[in-house]
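Listed here are the chains, written in short residue letters.
There are 2 protein chains.
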Amino acid sequence: MISARREVLAQDHDLTFRVTAIATGTRGCILAPDINLEDALERVAQSAPLSSLDGVQNAPDPLTLIKQADADVLFETSPLNPADGEPASSHVRLALSRGLHVVTANKGPVAFAYRALRSLAAENAVQFRFEGAVMDGAPIFNMVRSCLPAVKVLGFSGALNSTTNIILSSMESGRSFGESLAEAQRLGVAEANADHDIDGWDSAVKAVALANVLMDADLRPSEVIRTGIRQVMAPDLLRARESGNILRLIARGERSRTGVRLTVRPETVRLGTPLATATGANNILTLKTDLMGELSITETAPGVEQTAYALLSDWISIYGARDSRV
Amino acid sequence: MISARREVLAQDHDLTFRVTAIATGTRGCILAPDINLEDALERVAQSAPLSSLDGVQNAPDPLTLIKQADADVLFETSPLNPADGEPASSHVRLALSRGLHVVTANKGPVAFAYRALRSLAAENAVQFRFEGAVMDGAPIFNMVRSCLPAVKVLGFSGALNSTTNIILSSMESGRSFGESLAEAQRLGVAEANADHDIDGWDSAVKAVALANVLMDADLRPSEVIRTGIRQVMAPDLLRARESGNILRLIARGERSRTGVRLTVRPETVRLGTPLATATGANNILTLKTDLMGELSITETAPGVEQTAYALLSDWISIYGARDSRV
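Going down the list, the protein sequences come from chains W and L.
Here my numbering is used: the first residue of the first sequence is 1, the next is one more, and so on.
Here my numbering is used: the first residue of the second sequence is 327, the next is one more, and so on.
Keep in mind the hints are simulated off the structure, nothing from the lab.
Incorrect hints may appear among the rest.
With a Cα cut of at most 20 Å, we get these calculated DMTMM-like pairs of lysine to aspartate or glutamate [what the hints assert, rightly or not]:
id	chain 1	residue 1	chain 2	residue 2
1	L	Lys-614	L	Glu-580
2	L	Lys-614	W	Glu-305
3	L	Lys-478	W	Asp-14
4	L	Lys-478	W	Glu-7
5	L	Lys-478	W	Glu-305
6	L	Lys-393	L	Glu-449
7	L	Lys-478	L	Glu-580
8	W	Lys-152	L	Glu-333
9	W	Lys-288	W	Glu-305
10	W	Lys-152	L	Asp-338
11	L	Lys-614	L	Asp-542
12	W	Lys-288	W	Asp-195
13	W	Lys-288	L	Glu-631
14	W	Lys-152	W	Asp-218
15	L	Lys-478	W	Asp-12
16	W	Lys-152	L	Asp-340
The calculated label-pair distances, taken between Cβ atoms and stated as ranges, are [what the hints assert, rightly or not]:
id	chain 1	residue 1	chain 2	residue 2	range
17	W	Asp-14	L	Asp-542	16 to 24 Å
18	L	Asp-387	W	Ala-116	53 to 61 Å
19	L	Pro-408	W	Arg-220	48 to 56 Å
20	L	Gly-570	W	Arg-6	44 to 52 Å
Backbone N, C-alpha and C define an ideal beta-carbon position, used for all residues, glycine too.
If we strip away everything but chain W, and leave its shape as in the complex, we get (with noise of 0.2 Å):
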């Protein structure tokens, strides 16, 4: 995305990039002044390991290329372990300690250790920025920041799984939760193990990560009243079908006297409802506010485009170049 937008990014954002430092999960972690971009893509798609690269360094781990990499931006884009944020927030960390900017795609950092991140992020006078921890590019966190100022957010409701998404559709057509959960594997949503969609903990992550930016609580992910869609039955969805109503794993966070509340479980919604767009692998955010009621957001058909894009209107964000074209 950002090599065949060089031209437009640095005509139109005042923005231009050297790729200095590389970490993978399989081909290995290097260092360079100045990598060329579409020869270590090259590499990645012939299975060839990045040390591959003429004039590159090699480093060991990402933790020790983020502590060399000469760098202004660390992109943090690590699978995620839900029980605990990591490797992500710990990359994060050293970043921000040396002073450089972190845009990242990853909820566990937000949803493990926002405060302490954000506090960080401003005694070295950088940018922590997390666009694509929930929804993917689509503006949520930086529409609240920059688009609702003066609003508080009293709650939220979201259907922010798409696998969960996708087998309640495909169970709707009248197929089984297996034939409905390889559907969603085919498509490439669902993982090998999509165990962690179906009990509701991606949501919970999601869900902590929105309360902690949003609405300033200070939750993690095991402090959700959690309940997944292993329970939910065929007729159950006929049944809410013939109501005019379907069935979604939806994330809720509501304020409390205590303070924030947050459920994960399947709700009843209403076709023609906000919520109800979340069909396939659509998600959708309702976002309850003070000032400007309820405003919802339907993100249609998400693919890695997407949480790539989530990458790139950080990045552009945090140099902060104003598009001309508004």
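We have chain W already, so just place chain L on it with the hints.
Same frame as chain W, now just chain L:
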């Protein structure tokens, strides 16, 4: 809204203000170094002229007032003539040329004079902001500007007129067109003469505003291919409902070889899709983009407070004091 939030605006946004001029349709036009807003509101509530306030000077009309006002920002909210965008465009033009920022909830100036006003604002180093022109304070223009950098808007579709949404929703329940229009008027959504809503002019002006700002078009409302809802009959709505659809007045913008093509007409909308959230007074806009796919925003049951918030959010954005919460 701003009276009640003086402290929050000062603390969170570093924004203090004095009201130095007020122009009204029926209570006169006044100038003073520091008008007490609460007193002014009280006079309006008592149907008394604003000139009865102590120490104020009268202006004969809004244009003279804009010429004489000692001000940094004009908030423009005059009723719109959808045939030519006046008097709003003249108000905005005069204020910008005097070096005032302009915030308006009026779609007329954007639909009839966007390019000229944008240039005039740039020449005078001030801002022309109009979030409220479409969907009140729901972030549309500001979202594309601030949260979707580098994204190209390829097209849009939306149900942007509350009156027709209410009428069609009500007719679905078996009521007649006349009863449904009366319902919209009783709710305070439709005006006594709702022809502009029913015949699609309101939606057409909004479509032009969206196209001119987000798609770099330079169209006028008369160029929109437009059909209102007068020909929609109860059996059409029932038939649609039987096959899982609803009918709504949809404004649509698409890029064509010769530029941007705009239509406003009743369309069949499938339940469960974002456009189908246009029930009751709800407004919904779907943006089709290159990098972020399709994004939809639904505003639930907007009222006059959401319009006021549009002005407030634009005003805070002009002064750019970043909210530190997020």
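Taking the hints in turn, this is what the structure says about them:
A C-alpha spacing of about 9 Å is found between Lys-614 of chain L and Glu-580 of chain L, which places the hinted pair at or below 20 Å, so the restraint holds. Distance check on the hinted pair: Lys-614 of chain L and Glu-305 of chain W sit about 14 Å apart at the alpha-carbon level, within 20 Å; holds. For the suggested pair Lys-478 of chain L and Asp-14 of chain W, the alpha carbons sit about 17 Å apart, so the restraint of at most 20 Å is met. As the CA atoms of Lys-478 of chain L and Glu-7 of chain W are separated by approximately 15 Å, the hinted pair is consistent with the 20 Å bound.
A C-alpha spacing of about 14 Å is found between Lys-478 of chain L and Glu-305 of chain W, which places the hinted pair at or below 20 Å, so the restraint holds. Between Lys-393 of chain L and Glu-449 of chain L the CA atoms are separated by roughly 18 Å; this keeps the pair inside 20 Å, and the hint holds. Distance restraint check for Lys-478 of chain L and Glu-580 of chain L: the Cα-Cα separation of roughly 13 Å lies within the 20 Å cut-off, and the hinted pair is therefore satisfied. About 15 Å separates the Cα atoms of Lys-152 of chain W and Glu-333 of chain L, which keeps this hinted pair within 20 Å; it holds.
Straight-line distance between C-alpha atoms of Lys-288 of chain W and Glu-305 of chain W comes to about 28 Å, which puts the hinted pair past the 20 Å bound. Proposed proximity of Lys-152 of chain W and Asp-338 of chain L is supported: the alpha carbons are some 12 Å apart, at most 20 Å. Between Lys-614 of chain L and Asp-542 of chain L the alpha-carbon distance is near 15 Å, which keeps this suggested pair within the 20 Å criterion. Straight-line distance between C-alpha atoms of Lys-288 of chain W and Asp-195 of chain W comes to about 30 Å, which puts the hinted pair past the 20 Å bound.
Distance restraint check for Lys-288 of chain W and Glu-631 of chain L: the Cα-Cα separation of roughly 14 Å lies within the 20 Å cut-off, and the hinted pair is therefore satisfied. In summary, the hint linking Lys-152 of chain W to Asp-218 of chain W is supported, as the alpha carbons are separated by about 17 Å, within the 20 Å threshold. Restraint check: the Cα-Cα separation between Lys-478 of chain L and Asp-12 of chain W comes to about 12 Å, which is no more than 20 Å; the hinted pair holds. Restraint check for Lys-152 of chain W and Asp-340 of chain L: satisfied, since their Cα atoms lie roughly 17 Å apart, inside the 20 Å limit.
In this structure the supplied range 16 to 24 Å holds for Asp-14 of chain W paired with Asp-542 of chain L, their Cβ-Cβ distance being about 20 Å. A hinted range of 53 to 61 Å holds for the C-beta pair Asp-387 of chain L and Ala-116 of chain W, which are about 58 Å apart. A hinted range of 48 to 56 Å holds for the C-beta pair Pro-408 of chain L and Arg-220 of chain W, which are about 53 Å apart. Checked against the hint of 44 to 52 Å, the pair Gly-570 of chain L and Arg-6 of chain W passes, with Cβ atoms roughly 46 Å apart.
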